[in-house]
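Student: Protein chains in written order, with this note's numbering: chain V, 1 to 396; chain R, 397 to 523; chain X, 524 to 770.
It should be emphasised that the hints constitute simulated quantities derived from the structure, not laboratory data.
For clarity, every value in this text was computed on a predicted model and none was experimentally measured.
Heads up, some of the hints might be wrong.
[Unchecked claim] Simulated crosslink set (DSS-like; lysine-lysine; CA at most 30 Å straight-line):
hint, chain 1, residue 1, chain 2, residue 2
1, X, K725, R, K512
2, R, K497, X, K656
3, V, K300, X, K589
4, R, K473, X, K614
5, X, K656, R, K485
6, R, K485, R, K450
7, R, K479, X, K646
8, R, K497, R, K484
9, R, K523, X, K589
10, R, K497, X, K589
[As the list claims (entries may be wrong)] Covered, in the sense of this in silico footprint (three residues per stretch, anywhere, with C-beta under 8 Å from a C-beta of chain V), are these stretches of chain X:
hint, stretch
11, 585 to 591
12, 599 to 606
13, 655 to 663
14, 668 to 677
15, 710 to 717
16, 720 to 730
For glycine and all other residues, C-beta sits at the position ideal for the given N, C-alpha and C.
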Amino acid sequence: MGGIVFNRIEGRSTGFWALLIGLGVVAAIGLWAAYVMDHYGHAITGMNRQVVWGIPHVFAFFLILASAGALNVASLSSVFDQSVYKPIARLSSFLAIVVMAGGLSILVLDLGRPDRLVLTFQYFNFTSIFSLNIFLYTGFWALCFLYLWAMFEDSKRWTRPVGIVAFAWRIILTTGTGSILGFIYAREMIHSALLAPIFIVLSLIVGVAIFILVTLATFRLSGRFLDDRLVIKMKDLLAWFVMAGLYLVVIDNLTRLYYPARQDVVEFLVRSGDPYAPVFWLGQILLGAAIPLFLFFHPKTGQSIRWIAIATGMVIVGAFAQLYVTVIGFQALPLELFPGMEVKSTFYDGRFATYTSTLYEWALGVGMTAMVGVLYLLGIKLFRMVPREVRMEKAL
Amino acid sequence: MQNANGKLQIVKSKALVVAVAGLLAMGIAGAWAAGGGDVREKKQGLHPPIVVPKEGQCVRPTEWMRRNHMDLLQHHKVDTVRKGVRVKKESFDNCRTCHTKRGEFCDRCHAYAAVKMDCFDCHNYPK
Amino acid sequence: MDTDRRTFLALGASCLAAGMMAPVIRVFASAGADAQGASAARRWGMVIDVNKCADGCTACVEACAKENKSPNFGEERINIQWIRKAEVKAKVPGAQARSLPLLCNHCENPPCAYVCPTGATFKRDDGIVLVDKHRCIGCRYCIISCPYNARSLVFKQPDEVEAMGGNPDVPRRGKGVVESCDFCVRRVDAGRQPACVEACAKAGHRALVFGDLRDPGSEAARLVATSRTQTIRGDLGTQPKVHYMGL
């Protein structure tokens, strides 16, 4: 594996520029939406006094988890000695950096007062998971850069130790991200020690899934050879992650179902929640797990790159659905101020809240995701990150 | 700071005298340039004209306030909000007993110096 | 030559440092001893007698909105109420609904202050939970964490003309920050009662009693000590300082 030749992609074709400009326009629209939201206040979004974290937060969680997960392949290569992944390890670390940039910009632009961001670096509150995460996110960034540098230097001395620290860091980071919600004891639907592991697995899922699609697109569109067997190997990994995720969600909800006081939460998730129950079944379970698992393990579709790509896309949609249900669903459930009693007020007490997302929120989420695309395209055009070809030497 | 080198000591003290003298000169010049005149409306060197409709002394010397009012506001803000220390005489609301309109006072100078403030997003102060 | 430059730099640096220190020293010297600030010997709290709270009476809610200039945006979706009336009813046939006010509980262990990334939400020395609106960045994490539905985001800038009227002692709010009941902290610091408590007494119900829970002589402390009071979701361990009688 010593002689991998990395180079820049040429990036001169009309297709490349069209893609770059297209994504740039979408990103600009996202920034415009953020400006409008800041100018008029959150009143112009669909958020309300019950659902205060909307679609932008779903995108932010999604991209932050995806960023940590995108590093998987690099970790496999240098921490777990899976040298088959070495040719695409640089891409993996770079993708982690740019995706994190997208997630964090959404989080910041969706603040009520984004202009006061500097205060978060001026004052810390160490009982706040948010405050801790500021260190985790910025530290992760620094580590990924260091890691990328070590890989560029091809320095055995640095790649492994930095890789190990980065791997430990991303586990802590996703634990921190899950604990943003998991520690909130006021909300029965998310208050669970399992939420951190659920988020870790979710990050493994979206990270690998996005990486598969991005790698495939990069190689195919720049006319490079990517060994099918490597994609199939990543697909097998993804399938295991999807099953682990499914398992955790099932056991988390069974635990609630066993507790009479929490049965209404499960009821809400699987039956009455509108639109959370349909999104849970159709998005999270069917698109996110059942169909892709079938396609991954079917002897025919499981070997076809086209079908793997389709199933991987479904997994991504399913993961987004899962975050939608988790992040927004718990806010729609009324708080139990008087357990076992009926409560009524002019203030949403005892009532399910509704949330209708607006175009601004989607524009912000999609726009910053497009910005990730812009950064990625510029990155592979400017730096030697994509191997000329990836051929696996021996059969697996 | 005992002298291992006598010459250095001399150089240092010479430089010190020059620096102190320079600072003094600057201070005197500044005070002279700013001092005197009618408080009601005046053009002060780098300032656009500001209007103070009421005669009298501010909670700190004018010259000091001109440079440090933001520190005073910030300090009282923290004390008041977070510790409950309420010094009525030096409260933000009390500013307007003399500086009755922010448009002729705060805004004018801030617009000139291009320093954005968001005090009045929340605080009541007649325009 | 070298020495000269070093001397110059050192002098410059000390002048700069002194210049920067000067205002700080003057400002800090100015914090007069005439104002004491919130005292840790106190614990402000409230006792609400549900039996005295009248159905359909919203005197406290109206007084609060007037005192604190709560903006009425005309949309339930984004309206702000620091105190609200709720009807609570057992889930059995023929159960009687009880009317009671709900507000920020000023918890001894406030989850909102625990999660606030900048420390904008904090518990003052005398136990009042406040939002430092200068420091709030509008992340809304506190709203997520509050078990009592007591916090609101200011969804848009309230109208300036309207806000200039009303109570001159209370600032109006800027958009994008979070707020909640502050026990009318300006009144409390001036030795007065919160607006809701005053209004309730004025309406002849006297269902709300406000006072120092650490002062055995205060009516609030006496009620907590001698009557059967309970707090909302006391099981969560937040230790609310709003106690309910006859719940």
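Student: It remains to establish, for every hint, whether it holds in the given structure.
Tutor: Consistency of the hints with the structure:
| no. | hint | verdict |
| --- | --- | --- |
| 1 | X:K725 with R:K512 | violated (44 Å) |
| 2 | R:K497 with X:K656 | holds (24 Å) |
| 3 | V:K300 with X:K589 | violated (70 Å) |
| 4 | R:K473 with X:K614 | violated (48 Å) |
| 5 | X:K656 with R:K485 | holds (22 Å) |
| 6 | R:K485 with R:K450 | holds (16 Å) |
| 7 | R:K479 with X:K646 | holds (10 Å) |
| 8 | R:K497 with R:K484 | holds (19 Å) |
| 9 | R:K523 with X:K589 | holds (23 Å) |
| 10 | R:K497 with X:K589 | holds (25 Å) |
| 11 | 585 to 591 | violated (count 0) |
| 12 | 599 to 606 | holds (count 6) |
| 13 | 655 to 663 | holds (count 6) |
| 14 | 668 to 677 | holds (count 8) |
| 15 | 710 to 717 | violated (count 0) |
| 16 | 720 to 730 | violated (count 0) |
Comparing the model with each earlier hint shows violations of hints 1, 3, 4, 11, 15 and 16; every other hint is respected.
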